[in-house]
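Can you make the complete structure from the sequences, with help from the hints?
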Amino acid sequence: MARSARDIPHLRAVPDTDTVAQRRADEALIVDVDGYEGPLDLLLTLARVQKVDLMKISVLHLAEQYLAFVEQARALRIELAADYLVMAAWLAFLKSRLLLPPDPEIEGPTAEDMAAHLAFQLERLAAMRQAAAQLMGRDRLGISRFARGTPEVVAKTRRTEWQAGLIDLMRAYARLKTRGEFRPYAFDRRDVFTMEQALDRLRGMIGYLGDWTDLADFLPEGWGTRGARRRSATAATFAASLELARQGRIEIRQSDPFAPIRFRRKPPTPD
Amino acid sequence: MAEQERMVEAILFASSRPLTVRDLADRLPPGCDPAEALAGLRRAYAGRGVVLERIGDGYAFRTAADLSFLMQTETVEQRRLSRAAIETLAIIAYHQPVTRAEIEEIRGVAVSRGTLDQLIEMDWVRIGRRRMTPGRPATFVVTETFLDHFGLESARDLPGLAELRAAGLLEARPPAEGLRVPLALGGEDDDMPATAPADDFFKDD
Amino acid sequence: MAEQERMVEAILFASSRPLTVRDLADRLPPGCDPAEALAGLRRAYAGRGVVLERIGDGYAFRTAADLSFLMQTETVEQRRLSRAAIETLAIIAYHQPVTRAEIEEIRGVAVSRGTLDQLIEMDWVRIGRRRMTPGRPATFVVTETFLDHFGLESARDLPGLAELRAAGLLEARPPAEGLRVPLALGGEDDDMPATAPADDFFKDD
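Chains as they are written, first to last, in the working numbering: chain A, 646 to 916; chain B, 39 to 243; chain C, 39 to 243.
Hints should not be assumed to be uniformly reliable.
[Stated by the list, open to error] Looking from chain B toward chain C, a few residues come up when the C-beta cut is under 10 Å (computed): (1) 41; (2) 43; (3) 47; (4) 48; (5) 49; (6) 67; (7) 82; (8) 87; (9) 99; (10) 101; (11) 106; (12) 111.
[Said to hold, decoys possible] Derived lysine to aspartate or glutamate pairs resembling EDC-like cross-links, with alpha carbons at most 20 Å apart: (13) A:740 with A:709; (14) A:822 with B:201; (15) A:822 with B:143; (16) A:822 with B:195; (17) A:801 with B:112; (18) A:701 with C:201; (19) A:701 with A:768; (20) A:740 with A:716; (21) A:801 with C:64; (22) A:801 with B:115; (23) A:822 with B:140.
Simulated from the structure, these hints should not be mistaken for lab results. Built from N, CA and C at the ideal position, the CB exists for glycine as well.
In structure tokens, the structure reads:
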């Protein structure tokens, strides 16, 4: 490829290409087309060939060089990316406007403005490349400057403060000591006189009822003395008496609050 | 500061291990005297936050011993004791000296090794005398630290069960369900509220 | 040497990362003034083999750059950065905060995802605030690790910054309509060029 590049007429047409070194550079351009990071990078390389301050560069000359490059690449059947062709079209347009006298009809930026902006972009890119090189040339950490070789790790200790008060301790103990009382609940029926039992008992006794009789006299044998049993039998008997009164079989009387409750068989109605 | 001291200072600072005089000589330009530079540096760093120490055959910079407290940060974390731990602790406090088997009998569940270890590590519980019974089991007792933490003069100051009950610390009674006085014949209105008075049922037992 | 200086010296010596005044204050006993101690230490270490560097908001001891010739054994194998990565890094450093579109405008090619990812992964670049322009694009800025690596006190100390600014080369002005030079959006990713830049220059036809 390098050999054929030598015969590219466009490159010969560019001034200052007579020296061998220059021709080599131009050849390298073509050969390294993959090495360029886009058309702007290539333009910057071409601009360097002019060896002038980038702000004083001949954009027209640069456009011609670029177009020549594209032509040459085509002749060599090097497939250029679309970007390169777009740039070529733009530069061809710029070149034509730079060559023609300014047309007052055309609005927008002048060809000179466009050329100046391109020159600015090239200068800015060149400046950034130089800045990058300066940056990389600094005294870098791990190359010229070094951090402590044996950094000491800061030991992070975590101290746990246990929160427990006397109240927690006592609650825990109380919970343990009273747990026995919380056994599954089974009702102790020994001391319970049910309403069914009271009803049966009352029904059986009701026929023999003469005059008003105290509720306490109806309590079954053995239920009238101890508190729990007496309370249960009293409540059941009273409830049973209410049921019988509702059925119209007995009458209930209590002379005063807390006075004894008395029953008697309801007398048959006169009619 | 002499140039060779600067060089030795930089080399030692950046080195990941102590360096011997020979190591230093290999790295310094010809004609340098590492021993002399080391002596100079040692004087320069004497009494500073960092000192030049001799470690075996080598030399290295180390934090001054009195400043080692700066190399650690302590964070305090407040945590609650687990239920198992607080119950175990309560049993030890109320029953000390108490064996592990006794603790398990009172709690009704096995005591995990970790729970007792934790209490011992916290210095709230320590191992007491062995019980003079078959197997000579170890007993556990509470420590001074425990008494300090809970503001007790002695474990005998712990309130008794009756006091706990009086203070309302005993948990509420079991739910009243089932205490219903069996009067109901099946009607919906027949439920008797059975709350406090039902206590009487038990008191008489 | 004042006790505070000793303590700050010990803490900074022990750390490989720069520590801020605040970091130091957190580690020092209450009532210390790290700023004062830092000033004293900086003077004490000036011209020595190890110097106290200011890096952004932080401070760190680093070996003097002129002694790098002694440090072959310590030299860390640096990850090779592509030209694209180095240029992108420089553009971010000099133009920060800068959007991806602006980086592409300056370089004339699309920035591949991997390039920015690599710089972010190295902790040299981080994402800054979103730009308050349509689309709210993210901006990129350099980090303290970047400053530390390149030995800069702040991003204002970048070499040649004043000259570049005076030459108008750091202005973030977007090119006027019709001035935009076609941008190669292909880049390494081989993405097809976006339509917008090409549109601009055909518009005049």
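Checked hints:
{"no.": "1", "hint": "41", "result": "9 Å, holds"}
{"no.": "2", "hint": "43", "result": "7 Å, holds"}
{"no.": "3", "hint": "47", "result": "3 Å, holds"}
{"no.": "4", "hint": "48", "result": "4 Å, holds"}
{"no.": "5", "hint": "49", "result": "6 Å, holds"}
{"no.": "6", "hint": "67", "result": "8 Å, holds"}
{"no.": "7", "hint": "82", "result": "9 Å, holds"}
{"no.": "8", "hint": "87", "result": "3 Å, holds"}
{"no.": "9", "hint": "99", "result": "7 Å, holds"}
{"no.": "10", "hint": "101", "result": "5 Å, holds"}
{"no.": "11", "hint": "106", "result": "9 Å, holds"}
{"no.": "12", "hint": "111", "result": "7 Å, holds"}
{"no.": "13", "hint": "A:740 with A:709", "result": "8 Å, holds"}
{"no.": "14", "hint": "A:822 with B:201", "result": "13 Å, holds"}
{"no.": "15", "hint": "A:822 with B:143", "result": "12 Å, holds"}
{"no.": "16", "hint": "A:822 with B:195", "result": "18 Å, holds"}
{"no.": "17", "hint": "A:801 with B:112", "result": "6 Å, holds"}
{"no.": "18", "hint": "A:701 with C:201", "result": "18 Å, holds"}
{"no.": "19", "hint": "A:701 with A:768", "result": "10 Å, holds"}
{"no.": "20", "hint": "A:740 with A:716", "result": "15 Å, holds"}
{"no.": "21", "hint": "A:801 with C:64", "result": "13 Å, holds"}
{"no.": "22", "hint": "A:801 with B:115", "result": "13 Å, holds"}
{"no.": "23", "hint": "A:822 with B:140", "result": "14 Å, holds"}
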